[in-house]
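*Asks:* Sequence:
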Amino acid sequence: MTKTQAVEIYIQLLGDEEGTLRPTQGAPVGKDLYRVLPIPNYDIADEEWEFTPGTTVRCEARTYRNQGYLLAVEKVG
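Just so we're aligned, residue 1 is where the sequence shown starts under my numbering, counting upward by one.
I should point out that these hints are in silico values taken from the structure, not numbers from a laboratory. Just to be clear, a hint being listed does not mean it is correct.
[Said to hold, decoys possible] Pair by pair, the computed Cβ-Cβ distance ranges are:
no.	residue 1	residue 2	range
1	R62	L37	33 to 43 Å
2	Y64	I39	11 to 21 Å
3	E60	Q5	12 to 22 Å
4	N66	A45	32 to 42 Å
5	P28	T52	28 to 38 Å
6	N66	I44	15 to 25 Å
7	E8	E48	34 to 44 Å
8	D32	P53	15 to 25 Å
[Claimed, not checked] Each computed EDC-like pair below joins lysine to aspartate or glutamate, with the alpha-carbon atoms no more than 20 Å apart:
no.	residue 1	residue 2
9	K75	E60
10	K75	E50
11	K75	E8
12	K75	D32
13	K31	E48
14	K31	E60
15	K31	E74
16	K31	E8
17	K75	E48
Each residue gets a CB set at the ideal place from its N, CA and C atoms; glycine is no exception.
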């Protein structure tokens, strides 16, 4: 059995008027589905993520300045 590599996904920060996205890691669990992993210095008192670590989310491919990224858009389950 091989270990699936985590991939970079982005989570919207709540309470931020600028629409800031926080990069983190997601463990693939199915087609377009990822389990949100925390960054090493994750602190819920410092930042409020739209989807907290441990949550399974559906991600959509997005593009910004000709760079692709995965954005978490929906909680699953």
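*Asks:* Each hint needs a verdict: does it hold in this structure or not?
*Replies:* Comparing the hints with the structure gives:
Judged by the Cβ atoms, the range 33 to 43 Å given for R62 and L37 is violated: they are separated by roughly 19 Å. Distance hint for Y64 and I39: a CB-CB separation of about 20 Å, consistent with the stated range 11 to 21 Å. Between E60 and Q5 the C-beta distance comes to about 20 Å, which sits within the given range of 12 to 22 Å. For the pair N66 and A45, the beta carbons lie near 36 Å from each other, so the given range of 32 to 42 Å is met.
The beta-carbon spacing between P28 and T52, approximately 18 Å, falls outside the hinted interval of 28 to 38 Å. Checked against the hint of 15 to 25 Å, the pair N66 and I44 fails, with Cβ atoms roughly 33 Å apart. Range check, E8 to E48: about 20 Å between beta-carbon atoms, so the 34 to 44 Å window is missed. Range check, D32 to P53: about 19 Å between beta-carbon atoms, so the 15 to 25 Å window is met.
Between K75 and E60 the CA atoms are separated by roughly 12 Å; this keeps the pair inside 20 Å, and the hint holds. Note on K75 and E50: the hinted pairing holds, with a Cα-Cα distance of about 9 Å set against a maximum of 20 Å. Taking the CA atoms of K75 and E8, the gap is about 17 Å. The hint holds against a cut of 20 Å. This hinted pair checks out: K75 and D32 have alpha carbons roughly 12 Å apart, not beyond 20 Å.
Between the alpha carbons of K31 and E48 the distance comes to roughly 26 Å, so the proposed pair goes past 20 Å and is violated. Distance check on the hinted pair: K31 and E60 sit about 11 Å apart at the alpha-carbon level, within 20 Å; holds. For the given pair, K31 sits about 13 Å from E74 by alpha-carbon distance, which is consistent with the 20 Å threshold. Between K31 and E8 the CA atoms are separated by roughly 15 Å; this keeps the pair inside 20 Å, and the hint holds.
The suggested pairing of K75 with E48 holds, with an alpha-carbon distance near 15 Å, which does not exceed 20 Å.
Of the numbered hints stated above, those contradicted by the structure are hints 1, 5, 6, 7 and 13, listed in ascending order.
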